[in-house]
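Q: Let's have the full structure, built from the sequences with the hints guiding it.
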Amino acid sequence: MGRIICPIWDTSNGCTYISELISINQSINQSINQSINQSINQSINQSINQPTNQSINQSTNQSINQLINQSTNQSINQSIDQSINQSTDRSIDQSIN
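Heads up: the sequence shown runs through residues 5 to 101, numbered per this note's numbering.
No lab work stands behind these hints, which were simulated from the structure alone.
Label-pair ranges, simulated between beta-carbon atoms:
#, residue 1, residue 2, range
1, N33, Q66, 47 to 55 Å
2, S59, I96, 51 to 59 Å
3, T92, S67, 32 to 40 Å
Backbone N, C-alpha and C define an ideal beta-carbon position, used for all residues, glycine too.
A: Now the structure itself:
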């Protein structure tokens, strides 16, 4: 059988005092509140961070891709120009000679 709730002046064994119950209740409430607050904070942080991170990543990737494309295009164009110039120079040389 469970323990009996006794008034504070009762010193008999097997008693649970109101102060004990209050302490247990406070501990349980603290644990529940901590868990709820953690869950709420996590949800709030996720809803703030996710779009922010997405935006930053998108912008960064766009910039990187732009730089890569620019550099690649520049390199391709230089190569084409060089090839055309060499071919033109050879053609001119041949026609002169």
